[in-house]
Amino acid sequence: MKGRLIRRLTGSLMTGLTYGAAAVAVLPLAAILGMLIVKGAGSVNLDFFVKSAVPLGESGGGFAYAIVGTLIIVGLACLVGLPIGVGTGIYLAEFGGGWFGFTVRFLADILNGTPSVVIGIVVWSLVVKPMGHFSAFAGGCALAIILVPIVARTTEEMVRLVPNSLREAALALGYPRWRTSLFVVVRTARAAIVTGCLVAVARVAGETAPLLFTAFGNQFFSTRILQPMAALPLQIYDYAVGPYDDWHRLAWAGALVLIGLVLVLSLVARLVVGRGARRHA
Amino acid sequence: MTDVPAASLEPEVVPRPTAEERWRALRTVSRGDVVYRSLLTLLTLCLPAVLLVIALELLVAALPGIRAMGLSFLVHSEWDAVHDRFGALPLIVGTVYSSAIALVIAVPLALACAVFLTEFAPRWLRQPVATLIELLAAVPSVIYGLWGIFVLIPLLRDHLWPVVKPVLHWLPIFSGVFYGPSMLAAGVILAIMILPYIAAVTREVLLAVPPAQREAGLALGATRWETVWTVILPYGRAGIMGAVILGLGRALGETMAVTMVIGNNHQVALSVLKPGYTIASVIANEFAESVTRLQVSSLFYVGLVLFVITLVVNALARFLVWRVARGSGVGSTAL
Amino acid sequence: MNPAPSPAPQQPGAPRSRTPQPGAASGAAPAPAAAPVPRLAAESLTAWYGASTGVRNVTLACAPNAVTALIGPSGCGKSTLLRSLNRMHELVPGARVTGRVLLDGYDIYEPGVNPVRVRRTIGMVFQRPTPFPTMTIAENVAAGLKVGPSLSRARRAEIVEHALRRAALWDEVKDRLADSPLTLSGGQQQRLCVARTVAPEPEVLLLDEPTASLDPAGTAHIEELVQELKREFTVVIVTHNLQQAARVSDVTAFLYLGELIEVGPTARMFTAPLRSQTEAYITGRFG
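Just so you know, the protein sequences line up as chains A, B and C, in that order. Residues -5 to 275 (my numbering) are what the first sequence spells out, left to right. Residues -9 to 325 (my numbering) are what the second sequence spells out, left to right. Residues 152 to 438 (my numbering) are what the third sequence spells out, left to right.
Please note that a few of the clues may not be correct.
[Unchecked claim] Pairs of lysine to aspartate or glutamate, EDC-like flavour, derived with a Cα cap of 16 Å: (1) C:K381 with C:D401; (2) C:K381 with C:D366; (3) A:K123 with B:D70; (4) A:K33 with A:E162; (5) A:K33 with A:D240; (6) A:K123 with B:E47.
Hints were generated in silico from the structure; no laboratory data involved. Remember, predicted model here, so these are calculated numbers, not experimental data.
Chain A on its own, in the form it takes in the complex (with noise of 0.2 Å):
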């Protein structure tokens, strides 16, 4: 009779641990953001978006530079990255039943495991090195190679989603087998991919050690994609290490902005793959 009880007793005890270890674990998100709210709103306004950085001592000033760069060089980004990853996406889902497959999808898992600053240094070496200086151009490789393993294994995933019996559906009707591919496993795909597609590229456009050595950085607008160019979250990385107030006041704005981007992006596809999914089931 004691022995029951001391067991339920146990069960309530552990079950309640797991509750508060959910809490504990939902805190750093809600504190983070708080955080970035408390610090950050009041300095994000339209000087933010317009301004660029002032000289030292000057207060005010924005990171228009930095939200231009950041675009430009995931811009850059996606322009390599993604048709390489959807398109190995859509070979690991259409063909990728034997050992050339499993490798790939081995060497993506490896690939996004890879530490990005060790893919920023190599890209230093195969880029900056032989051109002379650092470039946008260079940043945009570096986040391409993180985003390929990300948008190949999201895309397969979505592509597999899709039931075969579409696929013999098509091919019945003397489809060949790309046009099965594209026009109907693909297009039917489609909605879920371009958001798998979403998630990775926000991700990348929060990255920062692979830009440290490859953009670089620069105190002044740029577009120029050969020549280094300021980014997002290098800049708030560069204004949270240094020593000015007004600098981590602007650090606090930039993360916010920042963190908006990606959490919305994340949210929005989020919930349209939900839906997706919940579609095809």
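Place chains B and C on chain A using the hints.
Relative to chain A, chains B and C alone:
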């Protein structure tokens, strides 16, 4: 097309081809398939090629350092750019130490979260909480660093440490003065960052446990908790190991947040209150300002070490998770 | 211009076993319904899954403008046989076919024949309706035309309407051709799939248990449709419903454990089967 069409009932329909005409049509080849598949294969080859190039380039760039210092590089702790003497021991120790702290904090929490999400949480709460935890993984590293500098470090130093100091200060790992940027701060930040990865993969592993296992436990009269502890967790053991190792891989390679809070000091210290260094953060900090050729090469050398470590760790993790995902629960008893 | 490939059986491309299978009514292709030239004929057809066989040494002829029903218990290979007739079987990994399938005397398994073209000539409707969810109703019907010669808009619309009329669906969908096919009922979706299959004017229609997932009303619709379709097409239908076979088919073939046990005019098969296994199945003693 002038042949007499086979019986066609619809006048507006194109006349049916004769058997011979059709026979010729049947024998065409669809070149599109070949083109499509070749194109996709070409795109797919990029990924292995990139990985190969990364490995080779790291090796080539690290070669001067490897030639000059050999394996002794890995066990020396000097890091002196002026005299061109480099040793990676503090970096390797710091990388492993900070990740270990992160695992100690994150693993119990993550497992509890996963159990909560699959077993105990009310159904309406499961998806929202899972989404929140996954959003934690979407927060950029540099924002963790920012938060670490301005919120976490003051919190640890000014509020938490004074409270626990009287109880813990005699322990060697808590010796010394706590200035803020430290191994502990790095470990805590890393714990927060890898928790969502471990929790998400563990959750998937637990969801893959067949309902029959669960019901069998309950049918034997075990409480829900006892079923979790004695049946479900052991059943998913291999997959959970995989999830933990996956988290470890993340922690080992994490750069920005760690660089911003670890204190960046080349020393091997037992105390978690002391500043330290990791491989990733030394690269982030010193690469752009490297002076000598040997210093650059040394950084590639540690980069190569980090690459190999994460490669092994990730391969192991994937192997474990795949075994479970393949549906063979047999693998879990072997570990 | 007469390249004249002789319509007589050509050199078989694939090796085939000539040894008569015990228990099978092999050899002597029955000439059902007094049709002189079979439209579609299987000769010593064996369908493999890796090392095992789904269908063994089947010889069967399907007359033009007639409905041939394939019946038999689950797993007897009737679907596999059907899928071998338009080279869908080989899409399953590890699957292959030996023997021959003759379309108007020409072997569609001969090396060099493009299976994609074969499937355009021999259309197929599946057990479950498979409308393409990202296309509209009209686009679904026109889907098969995309791979043929290019057509004007007006011509395409004409063909879509004609196909929908033939599938007895026109009146129900003519006002919502631009809607998603997922707004249709199951039976309507299946008729949409029939329309999609007949739109490119195939010559043979293969129906794989087309009413398996439908309610009685939907089933009745499809059965009427089959009667209409046989005026234009050669139809082969797989069904596990004996009444359905009796209602719609002219010729019935009974398969058991991958072998063709008996084939004959439907009326005779259901009243006076020659083989005891057929009789046992038809009277419901197994299957």
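Going down the list of hints, with the structure as the test:
1. C:K381 with C:D401: holds (10 Å)
2. C:K381 with C:D366: violated (23 Å)
3. A:K123 with B:D70: Violated. K123 (chain A) to D70 (chain B) sits at ~24 Å, over the 16 Å cutoff.
4. A:K33 with A:E162: violated (56 Å)
5. A:K33 with A:D240: Given pair K33 (chain A), D240 (chain A) holds - Cα atoms ~12 Å apart, limit 16 Å.
6. A:K123 with B:E47: Roughly 12 Å separates the two Cα atoms, so the pair holds.
In the structure shown, a violation is registered for the earlier hints numbered 2, 3 and 4, in ascending order.
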